[in-house]
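So the protein lines, in turn, are chains W and Z.
Position one of the first sequence corresponds to residue 20 (my numbering), numbered consecutively onward.
Position one of the second sequence corresponds to residue 71 (my numbering), numbered consecutively onward.
Take these hints with a grain of salt, some might be off.
[Unchecked claim] Computed from the model, here is a short list of chain Z residues facing chain W with C-beta under 8 Å:
no.: 1; residue: GLY112
no.: 2; residue: PHE115
no.: 3; residue: ALA123
no.: 4; residue: ARG129
no.: 5; residue: LEU131
no.: 6; residue: LEU161
no.: 7; residue: LEU166
[What the hints assert, rightly or not] Listed below are several chain W residues computed to face chain Z (Cβ distance under 7 Å; list not exhaustive):
no.: 8; residue: LEU65
no.: 9; residue: LEU68
no.: 10; residue: LYS72
no.: 11; residue: SER101
no.: 12; residue: ALA102
no.: 13; residue: PHE116
no.: 14; residue: GLY117
Just so you know, these hints were derived from the structure itself, not from any lab.
Keep in mind that this is a model prediction, so the values were computed, not measured.
C-beta atoms are modelled at their ideal positions from N, C-alpha and C, and glycine is treated no differently.
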Amino acid sequence: KNEVEQSPQNLTAQEGEFITINCSYSVGISALHWLQQHPGGGIVSLFMLSSGKKKHGRLIATINIQEKHSSLHITASHPRDSAVYICAVHDTDKLIFGTGTRLQVFP
Amino acid sequence: DTGVSQDPRHKITKRGQNVTFRCDPISEHNRLYWYRQTLGQGPEFLTYFQNEAQLEKSRLLSDRFSAERPKGSFSTLEIQRTEQGDSAMYLCASSLGGNEKLFFGSGTQLSVL
């Protein structure tokens, strides 16, 4: 069993839909990252969380430390949101990555 | 400051050859990480540096792999006697410190024929 599990693995949506991507982890962590990876490999850090909730534009990330669970929400999704979204957790000093959720948003 | 840069972007090599990749982190960043990513998978940790000190190496990093960060600035990752299984995207990331936001390079795509 992977230490970081994401669901779903693949997600398709119509433009404007509300999207939720989930991340569960089994190790003790000091922080959790949500990353966005576009085709071609470039990875951008969206959020780093150690507790509670963060919001940036149409993106919202939450974490429940007790439940070892985090969610990434995208409101009013847009085709440009199409990418792979990766959850990664800080286990001591290294990051452990989930396998990613591939999101496709159709107009 | 242009972010984290990696060189080369693509490398094609024959099995058994040695290859070296370079990563230039954001200048004031103390932490530098190397990851490897294969198609359809999330990145896997390889190693990281705090300034010039290599603090942890993954068991994925066999004896054929070596990484350096001699002056606490740029880093190199060398793979000796490459194997087809080494084909992957090699990603570098840097941060100000532990538990800080990560900045990734565009990666070096290695293909071993």
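Taking the hints in turn, this is what the structure says about them:
no. : hint   : verdict
1   : GLY112 : holds (4 Å)
2   : PHE115 : holds (5 Å)
3   : ALA123 : violated (12 Å)
4   : ARG129 : violated (12 Å)
5   : LEU131 : violated (12 Å)
6   : LEU161 : holds (7 Å)
7   : LEU166 : violated (12 Å)
8   : LEU65  : violated (10 Å)
9   : LEU68  : violated (11 Å)
10  : LYS72  : violated (17 Å)
11  : SER101 : violated (16 Å)
12  : ALA102 : violated (13 Å)
13  : PHE116 : holds (4 Å)
14  : GLY117 : holds (5 Å)
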